[in-house]
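2 protein chains.
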Amino acid sequence: MQMVCLPRLSRVAVCGGTHGNELSGVYLVRELLKVKKGVMEKEEEQEEEEPLSVLKVLSNPRAMQQCRRYVDTDLNRCFTHATLNGLTSGTVPYEMIRSRELNAMLGPKGRSGAVDLVCDLHNTTANMGLCLIAYSDCDWICLHIFRHLQRKMPDIPMRYIHFEVSNKESYSLDSVGKHGFAMEIGPQPHGVARSTVYTAMKAGVQHMLDWVCFFNSGTLFEGESVDVFTMIKHIDYPRDSETRNITAAVHPHLQDRDFCPLHPEDPLFQTFSGETLRYKGNEPLYPFFINECAYYEKGIALSLARKRRVVIPTIRVQTEQEQAAHVQELASEEEE
Amino acid sequence: MQMVCLPRLSRVAVCGGTHGNELSGVYLVRELLKVKKGVMEKEEEQEEEEPLSVLKVLSNPRAMQQCRRYVDTDLNRCFTHATLNGLTSGTVPYEMIRSRELNAMLGPKGRSGAVDLVCDLHNTTANMGLCLIAYSDCDWICLHIFRHLQRKMPDIPMRYIHFEVSNKESYSLDSVGKHGFAMEIGPQPHGVARSTVYTAMKAGVQHMLDWVCFFNSGTLFEGESVDVFTMIKHIDYPRDSETRNITAAVHPHLQDRDFCPLHPEDPLFQTFSGETLRYKGNEPLYPFFINECAYYEKGIALSLARKRRVVIPTIRVQTEQEQAAHVQELASEEEE
Chain A
5 MQMVCLPRLS
15 RVAVCGGTHG
25 NELSGVYLVR
35 ELLKVKKGVM
45 EKEEEQEEEE
55 PLSVLKVLSN
65 PRAMQQCRRY
75 VDTDLNRCFT
85 HATLNGLTSG
95 TVPYEMIRSR
105 ELNAMLGPKG
115 RSGAVDLVCD
125 LHNTTANMGL
135 CLIAYSDCDW
145 ICLHIFRHLQ
155 RKMPDIPMRY
165 IHFEVSNKES
175 YSLDSVGKHG
185 FAMEIGPQPH
195 GVARSTVYTA
205 MKAGVQHMLD
215 WVCFFNSGTL
225 FEGESVDVFT
235 MIKHIDYPRD
245 SETRNITAAV
255 HPHLQDRDFC
265 PLHPEDPLFQ
275 TFSGETLRYK
285 GNEPLYPFFI
295 NECAYYEKGI
305 ALSLARKRRV
315 VIPTIRVQTE
325 QEQAAHVQEL
335 ASEEEE
Chain B
5 MQMVCLPRLS
15 RVAVCGGTHG
25 NELSGVYLVR
35 ELLKVKKGVM
45 EKEEEQEEEE
55 PLSVLKVLSN
65 PRAMQQCRRY
75 VDTDLNRCFT
85 HATLNGLTSG
95 TVPYEMIRSR
105 ELNAMLGPKG
115 RSGAVDLVCD
125 LHNTTANMGL
135 CLIAYSDCDW
145 ICLHIFRHLQ
155 RKMPDIPMRY
165 IHFEVSNKES
175 YSLDSVGKHG
185 FAMEIGPQPH
195 GVARSTVYTA
205 MKAGVQHMLD
215 WVCFFNSGTL
225 FEGESVDVFT
235 MIKHIDYPRD
245 SETRNITAAV
255 HPHLQDRDFC
265 PLHPEDPLFQ
275 TFSGETLRYK
285 GNEPLYPFFI
295 NECAYYEKGI
305 ALSLARKRRV
315 VIPTIRVQTE
325 QEQAAHVQEL
335 ASEEEE
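Chains as they are written, first to last, in the numbering used here: chain A, 5 to 340; chain B, 5 to 340.
Any given hint could be a false lead.
Repeated chains share a single entry, so a pair holds when one copy, or any two copies, can fit it.
Unchecked claim - With a cut-off of at most 30 Å between alpha-carbon atoms, the simulated DSSO-like pairs for lysine-lysine come out as follows:
1. K38 x K302
2. K38 x K237
3. K237 x K172
4. K284 x K38
5. K237 x K302
6. K172 x K156
7. K311 x K60
8. K237 x K284
9. K60 x K38
10. K311 x K156
For the record, the hints were derived by calculation from the structure and aren't laboratory data.
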């Protein structure tokens, strides 16, 4: 199997409060901001190595203050190239302004000045365990971090979700980094902090930072294969054609069964008058984000994924010479 | 054991959406409004009896529309005598206006024109099962309804919670009726409808209405004893003295253990840095509303109750003669 040599990860951003009512990330980043030189950054004390810079960011302070997902519009949909770079006129939504501030701080998206890795912390009301959500199924950094977390946290169900969207159209904060993913943990009601969920997220972030340090210090990570869930489509709730109010809830047999295969004719919804509605697809798929609170307004009752095995290569950090050559390469690319 | 004869319950109100993001009640009342003459009101078809009038009320339409607890202020704290009857000036919060509309519709609170029974539907993020919450531990109607529901729904943990507050100071919508209680079901994240929770609430409301019909038609309900949880005090989260941000979550050993006795020195909170904080009370009490989302802003991490056995008498509806005498009595009381 080939070995891939990748650039050093010098700057990592850990972001919380991108959605102001997803509290694990809010409290974790606040805690990290308190700990100047603590457990999370022991690598800085090792003088022989270049320090890892960890930026801790509270992404949407106004939404956090109101304990709401957002104030004007969903911040985590504001990081497309179009939204970041388009002209604005009239009253600009707060989150659009904030997305540009964050892009200036952590980006610019798609450019060599961007941070190397963004880990954006989220919660869901769905029973999803810990998921890494990314736009790529061939970002070896994200996939190796995922495998590291799986090994280090064997008691927590863990999946890698892939949204197949181009870099220009990718819309979330984690797309601003050279590498990036959302770390999504549930179930937890929005506006609530559950201690076990907080502790899992804290461990996940710690193991992610550990991995980056191992990688930077030259550790070789063996290739292997990984299950990846690629998002195929969303399913909306049944709705009243006039009022658009929902007329059914997720069926009790499906509720909390995220990542268990959904087969044609399996129960999908139970209407408020008691009727069962069934899945009419023609292939079994894997449901996730089942009954996520924030997606009622987006018209998503659940998402469906196809599961694939992805072979990831052995990787190690580039040597200094390789790095220098790589930087030159990037610079000439940007000039074009 | 004595027998108590009580007036007929002619008008019952079933209210949902008092908190706009507690969705079981919102969808259940919407469903009941669709069913003009259905399962819920079969008694109307029995011509030999006086029909039971069931008012179905969506209490806070603006909050429902925004899927928030409230728009300006918590509607379910606006039904004190002072708030309902005080002078208003300047910009009046929407919910204060709405509470007066509801008082005109279902009350006036404390007067003979009020509906006989208010059942106000709520959800909680706490693991409380189904609770009836009332201001009295000697309202035989509420307590007999509670026992009826317990018997009819043996699979659902069910408790009766008593908030010891005078009628004048009682603040919630259910206090507007001659009898009243909140039917609180959890756990369910606010802004989410879980099918099992919806179904439990629907069954609870149906059994409540059935009981009222049995009562009105002369059924005698035997006296017995009932466990009542009387609220003693609230406990807030540990908070940062400067920012007032919370610095700990409910301890994993306590989370979801509503109504399990909490003993002195039992774990209460786990700080975000990992420390365990213990319960320093000097008697075992019963925690409830553990980690309820809406109470973060009220400074309540959990409430504590004392459990008591209450003996409830045998009851039946008054005969027509008794009722006539009772009405006269009430009228002369109101003239005073």
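Against the structure, the hints come out as follows:
1. K38 x K302: between (36 Å within a copy, 26 Å between copies)
2. K38 x K237: Answer is neither: 41 Å inside a copy and 32 Å across each miss the 30 Å cutoff.
3. K237 x K172: Within one copy, since 20 Å is at most 30 Å while 54 Å is not.
4. K284 x K38: This pair counts as between: shortest inter-copy Cα distance 27 Å, intra-copy 51 Å.
5. K237 x K302: within (13 Å within a copy, 40 Å between copies)
6. K172 x K156: neither (33 Å within a copy, 58 Å between copies)
7. K311 x K60: Neither, since 33 Å and 47 Å both go past 30 Å.
8. K237 x K284: within (13 Å within a copy, 52 Å between copies)
9. K60 x K38: within (10 Å within a copy, 51 Å between copies)
10. K311 x K156: within (23 Å within a copy, 44 Å between copies)
Figure legend: structure checked against the earlier numbered hints; hints not met, in rising order: 2, 6 and 7.
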